Amino acid sequence: MFAYIIRRIFAAVILLLVVSAVTFAIFFLLPRVAGETADQLAAQYIGKNPSPEAIAAVKQNLGLDQPLYAQYWNFLKGLVSGAEYKFGPEPATCHVPCFGYSFKNHLEVWPELSKRIPITISLAIGAAVLWLVSGVATGVVSALKPRSFFDRLSMGIALAGVSLPVFFTGALLLTLFSYEWPILDNLQYVDFTDNPIMWARNLILPWISLAFLYSALYARLTRAGMLETMSEDYIRTARAKGLAERKVVSRHGLRAALTPIVTIFGMDLGLLLGGALITEQVFSLQGVGQFAVQAISDNDLPKILGVTLLAAFFIVACNLVVDLLYALVDPRVRLS
Amino acid sequence: MTDTQTTSIPSPAPASDREPLLKVTGLTRHFPIRSGLMRRQTGAVRAVDGIDFTVNAGETLGVVGESGCGKSTMGRLVTRLDEPTAGKIEFEGTDITHLGVGAMRPMRRDIQMIFQDPYSSLNPRHTVGTIVSAPFKLQGVQPEGGVKKAVQELLELCGLSPEHYNRYPHEFSGGQRQRIGIARALALKPKMIVADEPVSALDVSIQAQVVNLLDDLQQELGLTYLIIAHDLSVVRHVSDRVAVMYLGKVVEIADRDSLYRSPMHPYTNALMSAVPVPDPRRRQRAGRERILLTGDVPSPINPPSGCRFRTRCWKAQDICSSQEPPLVALKTGHQVACHFPENAPSGNAPAETAS
Amino acid sequence: MTDLQKTPADAASAPAPAGDPFLSVRDLRIHFDTDDGLVRSVDGVSFDLHKGRTLGIVGESGSGKSVTSLGIMGLHRSKRARISGEIRLNGEDLISAGPDRVRQLRGRELAMIFQDPLTAMHPYYTVGQQIVEAYRVHHPQATKKQARTRAVEMLDRVGIPQPDRRVDDYPHQFSGGMRQRAMIAMALVNDPSLLIADEPTTALDVTVQAQILDLIRDLQEEFGSAVIIITHDLGVVAELADDILVMYGGKCIERGPAETLFDAPEHPYTWGLLGSMPRLDRELQDRLVPVKGTPPSLINVPTGCAFHPRCPYAALTGGRSDSEVPVLAEAAPGHHAACHLPAAERHRIFAEEIAPRL
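Protein chains in written order, with our numbering: chain Z, 3 to 338; chain P, 1425 to 1779; chain H, 329 to 686.
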């Protein structure tokens, strides 16, 4: 078991390195393949009408004239030990962890980015709890009474949920509850530590609109998994023991049916933590997703790189947790 | 380990002077086990661990043994669906032990396989015609009178109707599916058929149909069979000679009648006495005579030293743990690997000469 | 394992006991509504079983033998299952009893072991946890510790070595034979009066099968329970059963004491089963005598006698074979068969054509 954990963590670190290298390569190498010179690249960091001196300075400071592996190495070093750019009138310090420095608005990437993480985490976790509870519960009830009225109704709603995009449900919710009947107006992100109630109140609509999509998906998945599990031989054994049906379902059925759901949940959560673009946009939440959208539209490479790496980190970390959880739940994984 | 094995076994002159169609010497297959942080190989599952046997043209060799004895792995090695770790497989004098996929292709015409599960071994999306004619396409053979006619003849040969050509496997019962599998195996007029548990997934009344079909086909087409099965009564019915496997080794190999009338290896004895007899009057006697083996088959990762059966054998002595009994002929056509064989012709027990 | 003795013979040859049977099944019908039509899995099966006796139910796939056993256990929960008839356990009808009452009996009075012990045990719980659970359902007052002691005791009784350690193993850490032993321990933990074993040795090797059959026989003697053993293997029923019931197409086509059924089988299907199996206790036959054709579909059961399309003697019934369903009639004392052939004709065919080939 210990070797398994170590091996998994090791694999996760390797994966992150690979992702960062590939991202790095894509953002710094591809433009060159496309024929851009170091000068043109450097010019992007400065803004409109750059002077040749400024370009030269950027090029040197950023090491754009160095080979790619050296640049990547510098980037990794920056992550662990910070970096300093002698750029412009005063040197700019990029503190640990240095995800890069945006020369467009003279800001370090990390503090900008990290500011937004709580917002995205609040959004993702809240929605996740909501969709997990509602989706799994609906799925289980549907599976236990297949072809019943509830089953048909909930699966119909689920189908709608899967097909309706967030920007539609989100906009609909906003129109209804903020403008038509202003029960939840003036939505602004409030930090959890400042005022938990306002935090929840102002996030409830984004949660619902995000969870609606996922909970529909999870209801269908749970239903399928549960139907399969309930026809397993060991369920029949549990019934043959004389266990009450409630216990057969909760103790024997759910545990086995939910394990695959855990895997998918880990991935979905990881993905969302990297930024829920549309939801953040619809509800004007200053989260990681908006940061990414902005970075892309500004063509601000250090920011794009930073946000990509953060997203990758969340996905890898969530998958690691899922793998370890899996081993905890299923003894067969533990021993092989 | 396998080297000493191959050299220590004297091969007795076969009862017949026929040329063996298949000759296997020192055949070994170890599946590596990896563990720990670096996934280093820390051991091996010795699925098949140095076995020798021959199959003569036109005869049926039955291979019996319990699950995990390596009989199925052996079948996959002989048909070269799996790569042997060591040893040698000769088919009609040609060494096919390490032939690549390309070099093996012409040999595949001559060696065909029938599988256990007629439900999963036929592609549900293909018609019977496509399934049975697949070997022609794979080998680029153009049968006389066209593919369709050849397939319909094969179907008829296997007791199916030629009209089944355009149907799908799901329209057939288990027994009929097994017939389709047999028709496919026969398409290229092979010399040898390796059948892994050909009837064990079928109902009793259907088993007999398929057993009889295999019988008829052998008579008609002069086929050679290697039949792997766990059911001793089926094996007795179909085989000319029988090999008994235990933990990756052949412990006894003999002519059918010799083996079933006077089994020499204690394991063979135990195996036979364990078969339930469909005669309630005999149950009292059978119960008393039955040799009940205790415990389970040891792990093939760490097989017992010396004789592998000694941990469950009531006759085991010290020599059994220190010295591996070689497979020797104690009678014409009857080889056994045991220090204290039963039913042995007097003065022939290897332990007496060895000690 | 070592405490398992060779079987004493007395229980097997005891005469059928008098008095009320412990289990009495009358005209049991279990039909399923499916999209393809009504599946008559069990269509009018009756039998009695006394305590201390073993009934063997023999049949091929789709004969309805497993559906019958699940019906007795009350495990057909689907709304599409239509069950009628009577299942009297100790005088109490289980079909009209409420589901809660049947649940109370299940696991306590009625216990079951299944074909594949690997899939029949939950992979996420230890063997001990599963046995403890089975015990505490019906002994809610027992502490966890008491239940665990009981689990270890049962594992020991069924011949698991080092039961106090193996109790914490997961099912996949057991070998096939050990898993089946653990299943038996779980089934017997509440001293049930009726044990149903559905193909208990089909997934096992022959030497392990011998051990398990021996164990079942031994435990039955010790606990005096009634046992139903369901199998397709005539050898297995011959080893264990006092009485045998042969099923075909959802119906009982022959029923009688084991000895007579093997010595003087009455139904052509039973002859077919006996003739198609190779036997180690007989001289080698040149050819097996298979039953032609395939078992019937339960949606489209042949009219009249369900076996008539496969029966070599259907022509001798005077045209009744495909128009009239034969009734189960007494052919010899305690021995019933459902066949249109006149008894004398049947006995002549058996003596002249069948017996010499068996």
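Source of the hints: derived by calculation from the structure; they are not laboratory data.
Being a predicted model, the structure only gives us computed values, none of them experimental.
Just so you know, not all the hints are guaranteed correct.
Under the rule of at most 35 angstroms between Cα atoms (straight-line distance), these lysine-lysine pairs were calculated in the DSBU-like manner [what the hints assert, rightly or not]:
1. P/1561 / H/620
2. Z/249 / H/473
3. P/1615 / H/620
4. Z/249 / H/620
5. Z/147 / H/472
6. Z/249 / H/407
7. P/1755 / P/1447
Okay, the hints, checked on the actual structure:
1. P/1561 / H/620: holds, 34 angstroms
2. Z/249 / H/473: Given pair residue 249 of chain Z, residue 473 of chain H holds - Cα atoms ~21 angstroms apart, limit 35 angstroms.
3. P/1615 / H/620: holds, 29 angstroms
4. Z/249 / H/620: violated, 47 angstroms
5. Z/147 / H/472: holds, 33 angstroms
6. Z/249 / H/407: holds, 20 angstroms
7. P/1755 / P/1447: Holds, at roughly 21 angstroms.
When each numbered hint is compared with the structure, a violation occurs for hint 4 only.
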